[in-house]
Amino acid sequence: MRPFIGFFEWFGSLGIFSWQVLRAAVTPPYEWRELIRQLDEVGSKSLPLVAMAGAAIGVILSLEARYSLTRFGAKSMFPATLVYSVLQVMGPVITGLVVSGRVGAGMGAELASMKVTEQIDAIEASAINPYRLLAATRILACILMLPLLTLATDAIALLTGWFAQALVEPLSFHQFITNGFSGATFNAFVPQTFKTSVYGLIIGLIACFQGMRTRGGAAGVGRAATNSVVLASLFLILSDVVLVKFILVFFP
Amino acid sequence: MATAYDIATKQAEPEQDGLAPVIAVENLYKSFAGHKVLNGISLRVDRGETLAVLGRSGTGKSVLLRLIIGLDTPDSGSICIHGHAIGGLSIDRMGEVRKKMGFLFQSAALYDSLTVAENVAFPLEHHRRDLSKSERADRVRQLLAEVGMEGDLEKMPSDISGGMQKRVGLARALALEPEILLLDEPTAGLDPISSGEIGELILKLQRERRMASIVVTHDLHSARTIAGRLALLNEGDVVIEGAFEDLQQSDIGFVKEFLKQS
Chain A
10 MRPFIGFFEW FGSLGIFSWQ VLRAAVTPPY EWRELIRQLD EVGSKSLPLV
60 AMAGAAIGVI LSLEARYSLT RFGAKSMFPA TLVYSVLQVM GPVITGLVVS
110 GRVGAGMGAE LASMKVTEQI DAIEASAINP YRLLAATRIL ACILMLPLLT
160 LATDAIALLT GWFAQALVEP LSFHQFITNG FSGATFNAFV PQTFKTSVYG
210 LIIGLIACFQ GMRTRGGAAG VGRAATNSVV LASLFLILSD VVLVKFILVF
260 FP
Chain B
848 MATAYDIATK QAEPEQDGLA PVIAVENLYK SFAGHKVLNG ISLRVDRGET
898 LAVLGRSGTG KSVLLRLIIG LDTPDSGSIC IHGHAIGGLS IDRMGEVRKK
948 MGFLFQSAAL YDSLTVAENV AFPLEHHRRD LSKSERADRV RQLLAEVGME
998 GDLEKMPSDI SGGMQKRVGL ARALALEPEI LLLDEPTAGL DPISSGEIGE
1048 LILKLQRERR MASIVVTHDL HSARTIAGRL ALLNEGDVVI EGAFEDLQQS
1098 DIGFVKEFLK QS
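From first to last, the protein sequence lines are chains A and B.
Residue numbering for the first sequence follows this note's numbering, starting at 10 and increasing by one per position.
Residue numbering for the second sequence follows this note's numbering, starting at 848 and increasing by one per position.
What the hints contain is simulated information worked out from the structure, not anything from laboratory work.
A couple of the hints might just be wrong.
[To be verified] If the Cβ cut is set under 10 Å, some of the chain B residues that face chain A in the computed set are:
1. Leu918
2. Glu972
3. Ala1020
4. Leu1023
C-beta atoms are modelled at their ideal positions from N, C-alpha and C, and glycine is treated no differently.
Construct the complete structure from the given sequences, taking the supplied hints into account.
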């Protein structure tokens, strides 16, 4: 019975936390300086990691696509297959998962550490709303930076995917891009890229929630970091089920 | 002109006469997981007065301070600041009340990613946007000089001792020129010399600023130095309240035992 109650209690607390953050985010004073710091933290500092992940994904997809397409005699479809699989599926999801690992763990641990050392209480005692200063800025930074990081992942994955193919048989980049994007529409790519804002919301919200409700010293900090990553990654994948369906319905 | 603090507190309760104590705690109860920590405690502190709250560990002294500054909420009872109840205020309205309060945490709770100077500047950056950068820096230097830390502006909290951290925490608590100062175990964990220095410092600041202060401590010696009035807590309620002499003359067994052991 207790895990059952705990499950609903967790969602209830998350709901209350979300409401407090939303209310703090839309009322002044706005914490611009902290927001800029978090944009740098989430965006610029995640860029090398998502770039590496994107590069690897590009090569893997290129190898797999060439092998499969050759088997079915559809080698000419290679550019479109690569472009669509990167931009519609792999780019957003891989970016989300990489950022969830780096940023989710970092935020969860940082806020948890601040919580157990009473630094969050000290912020509140200094008449500063911690939901505004700590949570709203971090969540907003995740929402804004995820689509941009996804674009970076996509670009690098396409580049390395083309490069891996070009090493095996001649294919100019111009030809690859022209063939890959022929017939591409707004609906095919833009909603897929901007759905990562929802990933950002999930990552930021879960990490801030887990961090700011931590109890129990160093062990609590460790738990908060782990739970932030695990739950954010899990909810990110689960949300994708809904998001893909939503996009298929509203952006056919 | 009414400040946001005035508006927040006026909405909490109708205005009362000017004789209301700065802090008035009435019949306060607080439990954690079924364990009663505060059991109907009532206290009042007037302007310029320092009350030391004494008692054994776990008797709810720190909880009392956290309730007064609104970091926890009581199960029942009321807390009035300048005659206005603070119960039920939103976090932003409570923020307006908190601008009038300084809080020194037992652990000092300095922001570990900021330098000593940045820690003290933190409340000023958020609430005194009217100050220029250089004015703020001057104010920080002045505050740190008051607590004898003017030479350690660029040090990180991890690079200074516990006593120094308490001094910086005190400077941060004083940054917004509060009317109320809440000190949670200001001398705990310090050697007798540092403890004496902190006590003297608090006394000096108290004389200069005439704040209403509550000092939570289990150190009877520093309580005698800092406070004019002492309240001894046991099992979540005040056993005796008065000057140190009143405690000495008390026939209550717990009071005698506490004085004997201190």
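Okay, the hints, checked on the actual structure:
The beta carbon of B:Leu918 is positioned within 10 Å of a beta carbon in chain A (closest approach about 5 Å), and the interface hint is therefore held. About 8 Å separates the beta-carbon of B:Glu972 from the nearest beta-carbon of chain A, less than 10 Å, and the hint is met. Of the supplied interface hints, the one on B:Ala1020 holds, with its beta-carbon coming within about 8 Å of a beta-carbon of chain A, less than 10 Å. Proximity of B:Leu1023 to chain A holds as hinted, the smallest CB-CB distance being about 7 Å (cut-off 10 Å).
Going down the numbered hints, you'll see the structure goes against none, and every one checks out.
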